[in-house]
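Engineer: First to last, the sequence lines map onto chains A and B. Note that this note's numbering gives residue 104 to position 104 of the first sequence, counting from 1, and the numbers run on in steps of one. Note that this note's numbering gives residue 236 to position 236 of the second sequence, counting from 1, and the numbers run on in steps of one.
Honestly, the hints are just simulated from the structure, not real lab data. The model shown is predicted, which means the values in this text are computed figures rather than measured ones. One should not assume that every hint holds.
No distinction is drawn between identical chains; accordingly, a pair holds when it is met within one copy or between any pair of copies.
[Unchecked claim] In the DSS-like style, the derived pairs of lysine-lysine whose C-alpha atoms are separated by at most 25 Å in a straight line are:
id: 1; residue 1: K90; residue 2: K203
id: 2; residue 1: K244; residue 2: K136
id: 3; residue 1: K203; residue 2: K78
id: 4; residue 1: K244; residue 2: K78
id: 5; residue 1: K281; residue 2: K309
id: 6; residue 1: K207; residue 2: K309
id: 7; residue 1: K207; residue 2: K90
id: 8; residue 1: K78; residue 2: K309
id: 9; residue 1: K136; residue 2: K90
id: 10; residue 1: K312; residue 2: K203
id: 11; residue 1: K312; residue 2: K244
id: 12; residue 1: K90; residue 2: K244
id: 13; residue 1: K90; residue 2: K216
id: 14; residue 1: K244; residue 2: K207
id: 15; residue 1: K136; residue 2: K281
id: 16; residue 1: K309; residue 2: K216
id: 17; residue 1: K78; residue 2: K216
Protein chains: 2
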Amino acid sequence: MTTLSRRGLLAGAALAGAGAALRTSVADAAAPPSGHQAPAFYRARLGEFELTAAHDGIWHRPIDATFVRGAAFADVQKAMADAYMPYPDKLSIPFTPLVVNIGSKLVLLDTGSGGQMADTAGFLPANLAAAGIDAKAIDIIAVTHFHPDHINGIKTKDDVLAFPNAEIMVPAPELAFFMDDGNLSRASDSVRGVFLNARRVIKNIAKDVTPFEPGKEIAPGITSIAAYGHTPGHVVYAVASGDKSVLVLGDTTNRPELFARNPDWQPIFDMDGPRAVENRKRLLDRVAADRMLVHGFHFPFPAFGHIAKEGKGYAFVPVAWQPVL
Amino acid sequence: MTTLSRRGLLAGAALAGAGAALRTSVADAAAPPSGHQAPAFYRARLGEFELTAAHDGIWHRPIDATFVRGAAFADVQKAMADAYMPYPDKLSIPFTPLVVNIGSKLVLLDTGSGGQMADTAGFLPANLAAAGIDAKAIDIIAVTHFHPDHINGIKTKDDVLAFPNAEIMVPAPELAFFMDDGNLSRASDSVRGVFLNARRVIKNIAKDVTPFEPGKEIAPGITSIAAYGHTPGHVVYAVASGDKSVLVLGDTTNRPELFARNPDWQPIFDMDGPRAVENRKRLLDRVAADRMLVHGFHFPFPAFGHIAKEGKGYAFVPVAWQPVL
């Protein structure tokens with residue numbers, strides 16, 4: 001039997017690589033490499049509804065010891081390595097907005113980065129187009145909170161509405177908090193940026209934005225649920241049709257390999273850390289007990305899966321790609 | 001704060017579902033549901049090579065207590081439930097062939113079901129087309145072994161070569177074993193079907209098939225490695241370019257939630273159970289120790305990830321979808 005050794009594999013690799021480099025060129029390539037990724041959208045049926053998760057991309061955010069309160073940085077880096085993230089000093093954060101077709105309306109939950117945060121994100125419009133969803137056909141945008149990766153995609157880089165026919169629904173407490181000048185004056189430097197960005201996005205469309213009270217159904221079958229702490233007005237959405245449901249967790253939990261596994265860890269993004277932890281545990285406990293399908297905005301694409309209790313925390317079990325609905 | 005309860009969610013769901021049913025019809029739908037899944041291919045760069053994993057679909061195989069040797073059926077069903085598989089009495093087995101563009105050639109590793117096994121599989125041609133890969137441009141097909149889900153896609157349902165310009169490379173011990181009439185005469189009923197199917201696929205193209213000795217490089221940068229037991233001639237492929245490599249595990253491990261977690265479990269597909277277990281552990285130990293990228297034909301799409309030692313077995317850590325190569 002052939003012996004497999006790392007050294008043997010790598011020696012073979014180096015030789016093969018060198019050989020390939022000598023032998024090949026663009027001219028004699030049987031098929032040139034495409035150089036780009038597949039369209040990234042994923043469909044699921046939920047009762048009478050059709051869900052389309054559409055990837056906006058990944059933000060590789062530089063981090064240091066201040067990034068997680070309640071954890072040694074070495075433990076954070078170990079969790080990142082255990083998840084095979086590509087960088088030891090950057091958290092790779094995917095963004096996946098969700099379109100819910102409730103039959104009478106197309107509802108977009110969160111909007112991604114609008115191409116305004118990183119070269120490796122901003123692909124929501126392209127992925128929606130690949131899914132056959134016209135930006136003009138979106139009837140409602142509902143956001144979970146006002147962080148840039150959730151609201152910037154309301155507009156293009158050129159400050160034009162990306163979904164021109166959509167009603168924009170926002171949690172009333174979130175709008176009130178970030179539009180309050182007293183809160184802005186008291187904000188830390190890092191949160192100040194969130195205020196200024198939110199005002200930049202909202203300022204000239206404020207009269208067209210619809211605030212709603214958390215707990216309210218924002219469209220038939222889509223109910224908002226208060227889950228404060230990450231931001232003062234952060235909500236999640238329960239989407240239900242017939243006897244099927246999914247809990248759209250928003251930023252209840254960032255990358256699950258870190259913050260579901262260790263729900264007490266507080267990413268710097270959580271404005272009220274203890275309250276965010278309380279809601280994180282409450283919601284993860286609930287969906288684990290009920291074996292409820294979840295969608296997490298920062299979970300690996302397609303961002304659907306289940307939460308299982310494991311040790312002192314929770315494991316995320318991604319859905320297996322289904323070829324037919 | 002809004003109280004979240006399962007009962008509350010479901011009551012809301014039922015009401016919302018009823019409401020939606022009253023309110024909506026095809027005529028007033030803002031956008032009709034598409035009813036079908038996204039194209040399922042995934043790209044990764046590997047040194048100078050470009051990899052394209054292309055989904056053939058999922059086979060929901062009925063199982064009973066005879067399916068796994070070495071495990072109580074209740075434990076098998078618990079592992080399936082822990083993985084949130086959709087059926088308690090069917091193992092959901094995805095098929096994901098892999099195209100390696102080595103620059104000078106396009107090499108297809110395994111071929112899927114050829115639309116000859118289940119309505120929920122047979123999508124490889126469509127997904128390759130979506131990836132911009134012309135079936136006529138495939139230069140080499142190399143198979144890991146002769147089970148139907150790996151070789152049936154060599155041909156269409158109409159018995160025509162699906163990749164008409166491809167050299168078909170097969171492990172010599174596999175070819176010798178399944179073409180031997182003595183072996184056929186001694187085969188159990190279940191294995192007899194594998195023999196007859198392999199002969200059906202191979203019979204009129206036998207002179208055009210290229211057998212190779214395991215251990216041989218079948219194309220520059222793609223080295224076959226004997227991993228017998230699953231079948232008598234089963235091989236895996238080490239694909240390497242520059243200092244990057246991926247081990248293409250074939251059927252070393254079926255669904256990792258069952259057989260990586262519990263490497264001693266022997267699925268009925270493993271013709272020589274103990275030898276398959278030995279090779280499974282040897283290869284999983286190696287890729288875990290080396291943190292080597294792997295591709296598993298029956299791993300959830302896109303079938304790439306890493307293997308981590310965990311307890312008495314191994315956990316599969318799927319890759320997070322990368323939007324740019």
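Engineer: Each hint should be assessed against the structure and marked as holding or not.
Structural biologist: Structure-based check of all given hints:
1. K90 - K203: neither (32 Å within a copy, 54 Å between copies)
2. K244 - K136: Neither way: K244 and K136 sit 28 Å apart in one copy and 43 Å across, limit 25 Å.
3. K203 - K78: Close neither inside one copy (42 Å) nor across copies (53 Å); limit 25 Å.
4. K244 - K78: between (37 Å within a copy, 22 Å between copies)
5. K281 - K309: Classified as within; 11 Å inside a copy, 27 Å across copies.
6. K207 - K309: neither (44 Å within a copy, 55 Å between copies)
7. K207 - K90: neither (38 Å within a copy, 54 Å between copies)
8. K78 - K309: both (20 Å within a copy, 15 Å between copies)
9. K136 - K90: neither (35 Å within a copy, 42 Å between copies)
10. K312 - K203: Neither. Shortest intra-copy (43 Å) and inter-copy (57 Å) distances fail the 25 Å Cα cut-off.
11. K312 - K244: Close neither inside one copy (29 Å) nor across copies (36 Å); limit 25 Å.
12. K90 - K244: Result: close only across copies, 21 Å inter versus 37 Å intra.
13. K90 - K216: This pair counts as neither: shortest intra-copy Cα distance 37 Å, inter-copy 40 Å.
14. K244 - K207: Result: close neither inside a copy nor across copies, 35 Å intra and 54 Å inter.
15. K136 - K281: Answer is neither: 38 Å inside a copy and 53 Å across each miss the 25 Å cutoff.
16. K309 - K216: neither (29 Å within a copy, 46 Å between copies)
17. K78 - K216: neither (40 Å within a copy, 38 Å between copies)
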